[in-house]
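Q: Numbering (our numbering), first residue to last: 0 to 123.
Derived from the structure by calculation, the hints contain no laboratory data. Any given hint could be a false lead.
[Said to hold, decoys possible] Here are the simulated lysine-lysine pairs, BS3-like style, with alpha carbons at most 27 Å apart: (1) Lys88 <-> Lys35; (2) Lys17 <-> Lys35; (3) Lys35 <-> Lys122; (4) Lys91 <-> Lys2.
[Stated by the list, open to error] Per label pair, the in silico range of CB-to-CB distance: (5) Met0 <-> Ala49: 33 to 41 Å; (6) Leu37 <-> Glu11: 38 to 46 Å; (7) Asn33 <-> Lys91: 32 to 40 Å; (8) Gln100 <-> Asn15: 15 to 23 Å; (9) Lys122 <-> Glu84: 19 to 27 Å; (10) Ser99 <-> Met0: 33 to 41 Å; (11) Gln26 <-> Arg96: 21 to 29 Å; (12) Ala49 <-> Lys2: 19 to 27 Å; (13) Gln100 <-> Gly36: 36 to 44 Å; (14) Asn59 <-> Asp108: 18 to 26 Å.
Beta carbons: idealized from backbone N, C-alpha and C, even for Gly.
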Amino acid sequence: MTKEEWYKQLFERLGNSKFRSSFHLKQKDIDYINEKGLDTIRQHAQDFIAKREAPAVIPNDGKQTPMKGHPVFIAQHATATCCRECIRKWHKIQLGRELSQIQQEYLVDVIMTWIQREMERNKD
């Protein structure tokens with residue numbers, strides 16, 4: 000399966016989830032992204048994934064990602080990259096092992112893809 004096929008399938012499944020599809024960027028999130036730029040937002044996503052999701056054991060797994068406060072947090076809930084259990088269920092990445100650099104880059108890419116889609120959706 001190609002990356003494009005996987006993403007198409009993933010985003011269709013996320014769109015069919017009542018919970019996941021309920022997340023959208025608010026105007027203040029869009030303004031923040033426009034002010035900081037997508038490169039900075041990507042760096043924030045990399046940092047959040049590295050610190051909050053990458054360790055093999057996360058004592059507060061399931062509660063480490065706030066529901067508001069940063070556009071990346073919203074994106075993480077929308078893309079099921081918010082905790083290791085959601086990452087296991089939606090992205091097929093095993094629990095109990097530290098995330099590799101490639102896995103972290105994949106999760107950041109999923110987050111940024113969702114953010115860019117939201118930015119496009121809000122251009123209208």
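Q: All hints, please: hold or fail.
A: Now for the hints, and whether the structure bears them out:
1. Lys88 <-> Lys35: violated, 32 Å
2. Lys17 <-> Lys35: Violated, at roughly 30 Å.
3. Lys35 <-> Lys122: holds, 17 Å
4. Lys91 <-> Lys2: holds, 14 Å
5. Met0 <-> Ala49: 33 to 41 Å: Given range 33 to 41 Å: violated, Cβ gap about 26 Å.
6. Leu37 <-> Glu11: 38 to 46 Å: violated, 24 Å
7. Asn33 <-> Lys91: 32 to 40 Å: holds, 34 Å
8. Gln100 <-> Asn15: 15 to 23 Å: At 30 Å between Cβs, range violated.
9. Lys122 <-> Glu84: 19 to 27 Å: The hinted range 19 to 27 Å is violated for Lys122 and Glu84, with Cβ atoms some 34 Å apart.
10. Ser99 <-> Met0: 33 to 41 Å: violated, 19 Å
11. Gln26 <-> Arg96: 21 to 29 Å: About 39 Å separates the Cβ atoms of Gln26 and Arg96, which means 21 to 29 Å is violated.
12. Ala49 <-> Lys2: 19 to 27 Å: The hint (19 to 27 Å, Cβ to Cβ) holds, given that Ala49 and Lys2 are roughly 22 Å apart.
13. Gln100 <-> Gly36: 36 to 44 Å: violated, 23 Å
14. Asn59 <-> Asp108: 18 to 26 Å: holds, 25 Å
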